[in-house]
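Residue numbers (the numbering used here), protein chains in the order written: chain A, 1 to 285; chain B, 1 to 150.
Careful, some of the hints might be misleading.
[Unchecked claim] Covered, in the sense of this in silico footprint (three residues per stretch, anywhere, with C-beta under 8 Å from a C-beta of chain A), are these stretches of chain B:
#1 11-18
#2 22-34
#3 117-124
[As the list claims (entries may be wrong)] Cut-off 25 Å, straight-line C-alpha distance, at most; resulting in silico cross-link-like pairs (DMTMM-like, lysine to aspartate or glutamate):
#4 Lys56(B) x Glu243(A)
#5 Lys44(B) x Asp61(A)
#6 Lys50(B) x Glu60(A)
[Unchecked claim] Simulated restraints, written as ranges between beta carbons of each label pair:
#7 Pro115(B) x Pro282(A): 27 to 35 Å
#8 Leu119(B) x Ala276(A): 27 to 35 Å
#9 Ala146(B) x Trp107(A): 57 to 65 Å
#10 Arg130(B) x Tyr47(A): 19 to 27 Å
#11 Ser128(A) x Arg43(B): 36 to 44 Å
#12 Arg116(A) x Ala134(B): 31 to 39 Å
#13 Arg43(B) x Pro59(A): 18 to 26 Å
#14 Arg43(B) x Arg57(A): 50 to 58 Å
#15 Arg130(B) x Asp259(A): 43 to 51 Å
#16 Tyr47(A) x Ala134(B): 39 to 47 Å
#17 Asp266(A) x Ala134(B): 48 to 56 Å
#18 Trp107(A) x Ile9(B): 55 to 63 Å
To be clear, the hints were calculated from the coordinates, so they are not data collected in a lab.
Note that CB positions come from ideal geometry on N, CA and C, so glycine has one too.
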Amino acid sequence: MSAQTARAVTEDERKSLVRGTAAELDARDPEFIRYQLPGMWLFSTVYFRAEVSGFERVPEDGPVMFVGNHSGGNMTPDSMVFMLGFNTYFGVERPIYALAHSLVTSWPIVGRLAKRWGIITAGPNAASAALKTGASVLVYPGGDVDTHRPWTARHEIRFDGRRGFLRLAKRAGVPIVPVVSVGGQDTYLPLTDGQAAARFLRLDKLARLKVLPVSLALPWGLNVGDFLGHIPLPAKIRMEVLEPIDVNERFGERADSKDAYDYVVDRMQESLTALAADRVLPPLL
Amino acid sequence: MISITRSIIIDRPAADVFALVDDPARYPEFFTGVTRWESRSKRKRGPGAKYRVLMKVGSIEAGGTVVVTERVANRLIGWEAEKGISQRGRWDLRPIDEDSTEVSLEVTFDLSGGPIGTLVERMAGRIVSRNLWATLLAARRLVEEAALSG
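With the rest of the complex left out, here is chain A (with noise of 0.2 Å):
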């Protein structure tokens, strides 16, 4: 009896979560996202001067799953050139989504339009039910660690030893484009993520957060959390797209083991080492 009634809820919380999704996925407006991209263009190319390159190495169709790195705290200014670089290149009429933190999408305002540019809720679900419909995805696997890093740990990928992309790409049997930029992390000055101060707060269990950041941030000064996101500076922000990697071909039935992930992982430190070296006079130029 009880079993039952257990199963029961489990099958409404399953369908509940497929319709969610399926509303986020719908939520995508091609037209206003092409509304916005002209103000889009002019924060990445006036106040961040940003460089985009290799999105030529992107297959013209099907769905890819773009595996970046993402920094400026909760501004995440890369993403929004990523977003652009994406939508201008290759219009808005093909889709892409880009998963981020529920804490992003349940905004009140903030999440709405988050939603309409194909902003969804993160979860493994929700990545696999977008692949299906021939989109591609655009996810960052370090989440709140990675955006969160300390300054000194700018030019690193931290993805934290997390594989759930690499069981996606698996199971959706899609290929990884990887996805690298630097600046962000002089947007502002983040002193340390405060995983030590989260644990003992429970924020993991609380809020799904690893991290407490402590950083100096416009306009608050010392800004803890950056829970109200802050001002980022106009530091240059470099990307670049590179070459697909196919972990099912290379790796087959091990597409997710430890072994693909540090081949990825090694991939994108190599080539934001190289972006990184290209930089002349931080955060300026």
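Since the structure of chain A is already known, use the hints to place chain B on it.
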């Protein structure tokens, strides 16, 4: 929406100029800012021919798919966007006399985006305008070089 036209006089007959602009495979070579102009249809020339096109504008490359809407030999070629950035463009060749041609290159694009869209159209328009002028200078050089070697 913003429309940009640049013109140049090339001291060669219209047919010589047309030989160059009628070969879109060569656009990435001399169309400044264009990073890609690839055939996407069986039809390689004339109305209905489709191309995947991209132009570098500021921090990004913008483009989409265009389809040729008009082609009159030695006179004009026009295209229009099917996907991506909403735009159209055309080469217009007007013979001045037997040995010289006025060549115009026109690009019109519409970014939408309200007042910010209009501002960005003007900023991007300046980039496109210089690209078109550089393209015409390159076209003049190529047409004159071809005449010399031919």
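Hints and how they fare:
Counting residues of the stretch 11-18 of chain B whose CB lies closer than 8 Å to any CB of chain A gives 0, so the stated coverage by that chain is violated, three being the minimum. Chain A is given as covering the stretch 22-34 of chain B, and this is violated because 0 residues of the stretch bring a CB closer than 8 Å to a CB of that chain, at least three being needed. Check result for the stretch 117-124 of chain B against chain A: holds, 6 residues qualifying (beta carbon to beta carbon below 8 Å, three or more required). The straight-line distance between the Cα atoms of Lys56(B) and Glu243(A) is roughly 20 Å, inside the 25 Å bound, and the hint therefore holds.
Restraint check: the Cα-Cα separation between Lys44(B) and Asp61(A) comes to about 21 Å, which is no more than 25 Å; the hinted pair holds. This hinted pair checks out: Lys50(B) and Glu60(A) have alpha carbons roughly 15 Å apart, not beyond 25 Å. The hinted range of 27 to 35 Å is satisfied by Pro115(B) and Pro282(A), whose Cβ atoms lie roughly 33 Å apart. For the hinted restraint 27 to 35 Å between Leu119(B) and Ala276(A), the CB-CB distance of approximately 33 Å keeps it satisfied.
Judged by the Cβ atoms, the range 57 to 65 Å given for Ala146(B) and Trp107(A) holds: they are separated by roughly 60 Å. For Arg130(B) paired with Tyr47(A), a C-beta distance near 22 Å keeps the hint of 19 to 27 Å intact. Under the hint 36 to 44 Å, the C-beta atoms of Ser128(A) and Arg43(B), about 39 Å apart, fit the expected range. Restraint check, Arg116(A) to Ala134(B): a C-beta distance of roughly 38 Å satisfies the suggested window 31 to 39 Å.
For Arg43(B) and Pro59(A), the hinted distance range of 18 to 26 Å is satisfied, since their beta carbons lie about 24 Å from each other. Range check, Arg43(B) to Arg57(A): Cβ separation about 28 Å, and the 50 to 58 Å hint is violated. In this structure the supplied range 43 to 51 Å holds for Arg130(B) paired with Asp259(A), their Cβ-Cβ distance being about 50 Å. The hinted range of 39 to 47 Å is not satisfied by Tyr47(A) and Ala134(B), whose Cβ atoms lie roughly 27 Å apart.
A beta carbon spacing of about 41 Å between Asp266(A) and Ala134(B) contradicts the range 48 to 56 Å that was offered as a hint. Taken as a hint, the range 55 to 63 Å holds for the pair Trp107(A) and Ile9(B), whose Cβ atoms sit roughly 58 Å apart.
Hint compliance for this structure: hints 1, 2, 14, 16, 17 are not met, and every other hint is.
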